[in-house]
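Trainee: So the protein lines, in turn, are chains A and B.
According to the working numbering, numbering within the first sequence proceeds without interruption in unit steps and concludes at 318.
According to the working numbering, numbering within the second sequence proceeds without interruption in unit steps and concludes at 318.
Some clues are possibly wrong.
If chains are identical, the list can't say which one is meant, so a pair holds when it fits in one copy or spans any two.
[Said to hold, decoys possible] Derived pair list, reagent style EDC-like, types lysine to aspartate or glutamate, alpha-carbon separation capped at 20 Å:
(1) 249 <-> 138
(2) 253 <-> 69
(3) 102 <-> 210
(4) 179 <-> 271
(5) 102 <-> 203
(6) 102 <-> 175
Treat the hints as calculated values from the structure; they're not laboratory data.
2 protein chains.
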Amino acid sequence: MGRVLVALGGNALQRAGGHGTWPEQVAQMRLTAAVLATLVADGEELIVTHGNGPQVGTLLRQNELAEHELPPRPMDVLGAETQGQIGYLIEQELTAALVRAKVPRTVLALVSRTVVSRRDRAFQHPDKPVGRYYSEAEARPLRKRQGWEMVYDGARGGWRRVVPSPEPVRWIEGEVLRKLLPRGWGAHIVPVVTGGGGVPVIEKTKGVYEGVEAVIDKDRTASLVAISMDADTLAILTDVPAAAIGFGKPWEKWLGEVRASEMESYLRRGEFGEGSMAPKVQASLTFLRSGGRRAIITDPPSLSRAMRNETGTRIVAD
Amino acid sequence: MGRVLVALGGNALQRAGGHGTWPEQVAQMRLTAAVLATLVADGEELIVTHGNGPQVGTLLRQNELAEHELPPRPMDVLGAETQGQIGYLIEQELTAALVRAKVPRTVLALVSRTVVSRRDRAFQHPDKPVGRYYSEAEARPLRKRQGWEMVYDGARGGWRRVVPSPEPVRWIEGEVLRKLLPRGWGAHIVPVVTGGGGVPVIEKTKGVYEGVEAVIDKDRTASLVAISMDADTLAILTDVPAAAIGFGKPWEKWLGEVRASEMESYLRRGEFGEGSMAPKVQASLTFLRSGGRRAIITDPPSLSRAMRNETGTRIVAD
């Protein structure tokens with residue numbers, strides 16, 4: 001038994017191919033919450049973090065559609081709003097699942113900020129697409145008037161806004177949480193933190209922060225959180241049961257238990273997709289390098305068994 | 001010195017007559033944050049709560065304007081989103097103000113749920129107007145298709161949706177917070193809790209909650225929070241420097257220090273406006289009845305002096 005940080009992403013929050021309604025999100029979270037409750041019933045201390053891609057996309061689009069009547073809010077603010085939205089959803093569904101599993105806890109979602117460096121090269125090279133696709137005619141004034149960086153996506157035949165995706169440096173609320181929470185807190189609460197990677201802020205002068213329009217990879221922040229909260233296991237949930245090398249090739253091989261050094265060499269030779277599996281592997285390796293014992297990459301249905309080292313990709317320290 | 005819960009409402013968050021832009025909200029919060037930091041510099045342990053009327057109205061309207069493309073989310077979810085939005089704003093501005101006042105703290109905003117009773121009579125008599133005004137032609141299908149209760153406002157010549165405003169019964173996250181926080185936490189953190197009165201939920205079975213489309217008076221929840229967090233002072237900030245009797249009449253009298261029993265008799269004889277001052281007075285009296293020492297009703301610029309009993313309305317136990 002130990003302490004586990006679970007990072008929820010993709011289909012743990014929103015089923016692919018749905019209509020994006022609230023009842024759909026609730027149903028999907030209910031499934032994920034049942035899985036998380038099993039870990040607690042098995043004696044783990046649990047911390048949860050989550051992505052916000054589809055949710056922040058919806059808020060961006062709603063702001064846009066209402067722009068003629070209501071001034072839109074910046075992206076950092078919309079990110080904070082998704083922390084409220086998803087934090088509430090996790091509080092509701094996980095609280096219920098924990099009661100059903102007979103291990104009641106108070107699920108406590110925090111509005112979390114993550115410091116990024118203003119000197120991060122990502123600010124010179126925004127490359128993370130957000131929001132919807134635009135025609136050439138729509139894109140031109142957005143680039144000019146709003147100063148958006150945009151990229152053309154040939155496959156979809158449209159332009160998309162790109163924002164910087166800087167490295168997370170520090171989770172602001174983490175230090176005090178670690179200091180104030182008494183030993184054994186896991187028997188009372190399940191913290192939900194750094195949703196969407198945390199609201200990105202830069203430190204202007206000591207203790208004074210300014211929000212920036214950027215996107216932080218939630219798995220990279222998850223590794224920071226796992227380290228600062230002394231987690232034994234970092235579990236990254238995605239839509240495949242494990243990581244693979246030679247993905248989609250005849251020699252494809254799904255990875256079970258792998259040493260960090262071996263995983264690092266797969267990563268270096270480009271085995272993992274840049275926008276999908278590579279950041280999860282990188283986050284896992286960061287966690288292990290800082291003293292973490294085990295990183296798991298799997299999907300929600302496989303999580304319990306992966307925790308027992310029966311399935312999923314388990315990366316372990318050398 | 002002691003512990004003070006400050007409830008921010010109205011113009012503490014959004015300047016009347018503005019355009020509702022984000023920079024306006026930031027500027028307004030910066031002024032309020034400077035006032036709150038003064039209390040901490042004076043040695044008070046601080047807890048903050050806030051309203052969300054204008055902000056949830058904006059989200060309701062954005063959901064409506066985008067409805068042809070994106071399914072709208074229920075009101076409880078929008079309330080949670082405003083907790084993220086405003087919680088982030090308070091974290092940012094209050095953290096900076098505390099640094100400037102040389103009393104650095106971590107400002108920690110929580111996604112908070114408030115239990116209401118499904119037997120609360122408010123559910124039979126929804127009377128709290130939310131969102132915008134509709135013409136008769138717009139209102140008819142909303143009443144029929146969405147099942148909205150609506151009321152006609154003669155003065156503005158339009159229909160508005162009304163939702164129930166039940167009594168807050170319990171702030172879910174409060175119990176564990178009170179249990180886990182060590183003595184002297186006020187030297188480290190400033191919790192921001194129960195924004196918009198908390199997301200309203202009903203308890204279906206023990207520990208299993210369901211969100212409801214309702215509005216909880218944030219000042220009434222504030223008195224619950226002040227009690228559960230053992231605050232000495234409940235300070236309710238509004239847009240007037242004090243409560244008055246005979247408001248707008250020739251015999252108008254602004255109230256300074258008043259005993260609870262005296263305030264109660266003013267309340268009974270209808271001295272305070274139903275939608276504005278009366279709930280603040282009621283919340284104050286609830287707090288005092290449960291052992292609170294002092295409730296203050298004032299505006300942000302007067303708060304520091306009111307804490308020294310020099311201005312504002314101070315209601316004290318008999």
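Trainee: Look at each hint and say if it fits the structure.
Mentor: Here is how each hint holds up against the structure:
1. 249 <-> 138: Neither, since 39 Å and 57 Å both go past 20 Å.
2. 253 <-> 69: Answer is neither: 53 Å inside a copy and 41 Å across each miss the 20 Å cutoff.
3. 102 <-> 210: Only across copies: residue 102 and residue 210 sit 19 Å apart there, 43 Å inside one copy, limit 20 Å.
4. 179 <-> 271: For residue 179 and residue 271, the Cα distance exceeds 20 Å both inside one copy (39 Å) and across copies (48 Å).
5. 102 <-> 203: between (43 Å within a copy, 17 Å between copies)
6. 102 <-> 175: For residue 102 and residue 175, the Cα distance is within 20 Å only across copies (19 Å; inside one copy 31 Å).
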